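Undergrad: Put the two chains together into one complex; each comes in its own frame, and the hints tell you how they fit.
Same order as they appear, the protein sequences are chains A and B. Take the position in the first sequence, starting the count at 1, then add 195; the result is the number in my numbering. Take the position in the second sequence, starting the count at 1, then add 1046; the result is the number in my numbering.
In case anyone wonders, no lab produced these hints; they're calculated from the structure. Hints are not guaranteed to be accurate.
[To be verified] Here are the simulated SDA-like cross-link-like pairs (lysine to any residue), alpha carbons at most 20 Å apart as the crow flies:
1) A:348 with B:1093
2) B:1195 with B:1225
3) B:1195 with B:1230
4) A:348 with B:1286
5) A:348 with B:1067
6) B:1195 with B:1209
7) A:348 with B:1055
8) A:348 with B:1262
9) A:348 with B:1263
10) A:348 with B:1099
11) A:348 with B:1060
12) A:348 with B:1069
13) B:1195 with B:1182
14) A:348 with B:1260
15) A:348 with B:1230
16) A:348 with B:1285
Only a predicted model underlies this, so the values are computations on that prediction, with no experimental measurement involved.
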Amino acid sequence: MTHEESRETTGPEPHLSPRERERFDECVLPYLDAAYNLARYLLRDGDQAEEAVQEAFLRAIRHFGGFRGADGRAWILSIVRNTCFTQLRRRRSGGAMVEFDEEAHSLEAELSAPEADLARAIASESVHEGLGRLGAEFREALVLRELEGLSYKEIAHVMGVPIGTVMSRLARARKQLLLALGAGAKESV
Amino acid sequence: MASAHVFDRLSAFLDDELDPVASGEVSQHLESCPDCSAALARQRELSENLRRDLEYHRAPDLLRARVMRDLRAAGRRGAVRSRPAAQAWRWLGAAAAVIAVGGGTWIVATLPRERPEAATAREAVSGHIRSLMANHLTDVASTDQHTVKPWFSGRLDFSPPVTDFAAANYPLVGGRLDYLQGRPVAALVYMHRMHVINVFVWPMSDAHEGIAPALTQRGFHVIHGTRAGMAYWVVSDLNAEELAAFAQLITAPSGKP
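Okay, chain B solo, but in the shape it has when bound (with noise of 0.2 Å):
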C-alpha cells in the first residue's frame, strides 16, 4: 500500500477508528515502513501532550448560578402556566386513577423483560450525576488509601478493598457512602484527566468473578465487575476503552490493598 494512503489513515488508527481491514493494512505497513512509524509515534505524543497539558476549563460558579436561575424560571413559567388547568384535573381524578390501574397493569408486565443489571446501572448513574450535581462528591477527601479505607468502617458492614491508582494515571481523591440497590454502600471517587469515575462497592456472594461489557445510560459509561466477593459498579463520562482499561485495574488481583 502507497505511504501517501496510510499517511492520511494514522490519525483515526491511533484512535483506534479504522474499521478492522483498513486497521490491518496500516498495521501491516507500518511494519515496513519507518517514514509512517515516526510520523504515527509523533501523533501519539501530541495526542498525550494534549490530554496531560490542556486546561479542563469547569464552568465558573457564577455561569452556574446563571443557568441554574434560568432553569428555576422555567420551571416557575411552567408552573403558572398549568395552574387554570387545577380545576380541570380535580373532577378528572377518578379518570386518572383508571389510566393509573392500566399503568400499573403495563409497568408488571414489562419490568421483568428488563435485565437486572440495567436496573442497577440506572441506580448507578443516578447516584453518580447526584454525586457531580449536589457538590457531594466525597465524604472523606484524600489521596490516601490508607485514610479513606479506614474512613469506611463503623459506617458500613463491610469493608471495600481502597487502592489508589495514581501511578496509572487514575488517582483516587476520595470516598462517600451512597445507597444502591436498596442497602448502603461505598463510593469511591477517581479522576482521569478531569474525569470523575465513581466506583460503587457491595458485597455480592454467588456471582461469577469478571468484568461485564461497558453499558451505556443517558451517555455515562457503566462497567460492572466482580472480584473476591464484592460487586464493583463503575461509572463516567469518560470513554468507553479508558473506563475499561480503569475497571481491569479496580477488578485486578493486584488491586487488593
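This is chain A alone, in the form it adopts within the complex (with noise of 0.2 Å):
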C-alpha cells in the first residue's frame, strides 16, 4: 500500500447511493465480524481492531463505486488485512512508514529468539498463545484457512498474493506453531 493510500481517511468525504448502500448491506456488511476476527488476531488488541475495521470500512464505502466482483468476503478481508499490517509497520518502526518487504518479513526476523529455544519457551502454552508468537502474515494465513474456512484462492485474493505463495505459508505457518507447540520438535524447518 502506498503512503498516499494510508492517509486516504482525511480525503473526501465517502457516499453512497440508496442503490450502492444496498449493494454494499448484502455484499460487505455480513463480513463485519469476519473483518473484526481476522484484525483481532492480526493485531492481537480489541481497541486497535476496532480501529482499523472502521477505517477499513471508511475505505470501503469510499471505492465501493468501483468495486465490480462477485466476492464481497476476500474484498473487504483484504481492505482490513492492508489497514492491519500498515499499522504493523507504524508500530515496529516506531511512526516511520516502511516498505513491507516479503522475504526479509519471516518468523526469523519477527523473533529475537532461536526457534529452537522459542519450542523450549512456549512447550506447554495453549495453541492459541503459539499462534501469538507467529509472524502477523502466518497468523493471517492459518486465520482465514482455519476459522474463516476460505479456499487458497480465496486467501490468495485476500493477501493479494500467488497461490503458490499461499500453499507455502500455510506449509511454513503449521510447520513452525507444531515446532513451537513442541510437538514438532523434531522437524528442522
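TA: The following block contains the structure:
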C-alpha cells in the first residue's frame, strides 16, 4: 500500500447512493464479524482492531463505486488486512513508514530468540498463545484457512499473492506452530 | 518420490488443494513412508485444534454501531449531492419512462435464460443475510429438536423434519419463519464452529431426490437438495466442502426424526 492510500481517510467525504448502500449491505456488511476477527488476530489488541476495522470500512465505502467483483468477503478482508499491516509496520518502525519486504519479514526476522529456544519456552502454551508468537502473515494464513474456511484461491485474493505463496505460507505456518507447541520438535524448519 | 519433496506438500494435501496428479503422488508416498504419515497426522491434529480452540472474535456492538453510523452518513451525503439535480429529473420524467419500457423488454427477454435454481438461490441468500443483519436469526431459540419442531405446527401448513446434528459438530440453534418463493417456509438454524447455516425447508412434490451441485452467490455457498417431498436450501459462508457434508446429513434418510 502506498503512503497516499494510508492517509486517504483524510480525503473527500465518502458517499453512497441508496442503491449502492443496498448492495453494500448485501455484499460487504455481512462480513463485519470476519473483518473484526481477522484484525483481532493480526493486531492482537481489541481497541486497535476496532479502529482498523472502522477505518477499513470507511475505505471500503469510499471505493465501493469501483467494486465490481462478486466476492465481497475477499474484497473487504483484503482492505482490512492492508489496513492492519500498515498499522503493524507503523508500530514496528516507531511511527515511520517502511516498505513491506516479503522475504525479510519472516518469523526469523520477527523473533529475537532462535526457534529451538522458542519451542522450549512455549512448549506448554496453548494453541492460542503459540499462534500469537507467529509472524503476522503466518497468523493471517491460518486464521483465513482454519477460522474462515477460505480456499487457497480466496486467501490468495485477500492477501494479493499467488496461490503458490499461500501454499508455502500455510505449510510454514503449520510447521512453525507445531514446532512452537513442541509437537514437531524433531522437524527442521 | 523424495520425502523432502512430499513433506512440503503435506499441508496443501491436508487442505485438499493439490492438483490430482500431485495429490496422487503424495498418497502413494504416504503408503510407504511412516515419517510423512506421522507428520500429516500431526498437521491434521493441529488443524482440528485450531478450529476447535481458537476463539472467533465477533465484532463488538460499539464497532457495529460506528460502522452503521459511517454508512448512514455516507448515504446522507449522497442524498444531499443529488438534490440540486431533482428539478432536472422532473422534466426528464418522460424520457425516463421510455427508458423504463426499453428496460422492461430487456428484462423479459433475459429472465427465462436464468436457471430457476439461481433465482431461488438468490432469495435464499437474501433470507440468510436478512437473518444475520436484522438480529433476527431465530424465532424459537433451542438446541432441542423436540422444542423446535412443534413450534412450527400451527404456523406452517406442513411439518418440517427437524434434527439436531450436534454429534457431527453441526448443532441446531433454533428455527424461524421466513418467506421464500412466494410462500412461508421453515428456516432451521445450525452452527458449525462460528459459521451460521440457514436451512430453508418447504414441501416440493415432483422434484428428483438428491443434492444439486453447490452454487456460490455473493460469497455465500448455496446447496439445494430434495428428500421425502421436501426441498432443502442450505446457505452459509462456511466453505463448500463442509457445507456439502452438512447437506448430506440433512438429506440423508437417517436425518428423519
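Undergrad: Given the hinted pair residue 348 of chain A and residue 1285 of chain B, is their Cα-Cα distance within 20 Å?
TA: Given that 20 Å is the threshold and the Cα spacing comes to 12 Å, the pair holds.
Undergrad: Quickly compare the C-alpha distance for residue 348 of chain A and residue 1260 of chain B to 20 Å and report which way the hint goes.
TA: Since the Cα atoms of residue 348 of chain A and residue 1260 of chain B sit roughly 17 Å apart, the hinted pair holds (cutoff 20 Å).
Undergrad: If you draw a straight line from the CA of residue 348 of chain A to the CA of residue 1262 of chain B, is it 20 Å or shorter?
TA: holds, 14 Å
Undergrad: Compare the distance between the alpha carbons of residue 1195 of chain B and residue 1182 of chain B with 20 Å, and conclude whether the hinted pair is satisfied.
TA: holds, 18 Å
Undergrad: Given the hinted pair residue 348 of chain A and residue 1069 of chain B, is their alpha-carbon gap at most 20 Å?
TA: holds, 17 Å
Undergrad: Mind checking the alpha carbons of residue 348 of chain A and residue 1263 of chain B for me, to see if they're no more than 20 Å apart?
TA: holds, 16 Å
Undergrad: Is the hinted pair residue 348 of chain A and residue 1060 of chain B satisfied, with a Cα-Cα distance of at most 20 Å?
TA: With a Cα-Cα distance of about 16 Å, the restraint between residue 348 of chain A and residue 1060 of chain B holds, given a limit of 20 Å.
Undergrad: Within a Cα-Cα threshold of 20 Å, do residue 348 of chain A and residue 1230 of chain B meet the stated pairing?
TA: Measuring from Cα to Cα gives roughly 37 Å; hence the hint is violated.
Undergrad: Are residue 348 of chain A and residue 1099 of chain B close enough, with their CA atoms no more than 20 Å apart?
TA: violated, 25 Å
Undergrad: Taking 20 Å as the top limit, are the C-alpha atoms of residue 348 of chain A and residue 1093 of chain B close enough?
TA: Holds, because 19 Å separates the two Cα atoms, which is no more than 20 Å.
Undergrad: Regarding the pair residue 348 of chain A and residue 1055 of chain B, is the alpha-carbon distance no greater than 20 Å?
TA: Holds, at about 16 Å.
Undergrad: For residue 1195 of chain B and residue 1209 of chain B, compute the direct alpha-carbon distance and say whether it is at most 20 Å.
TA: holds, 9 Å
In this structure, the earlier hints numbered 10, 15 are contradicted, and the remaining ones agree with it.
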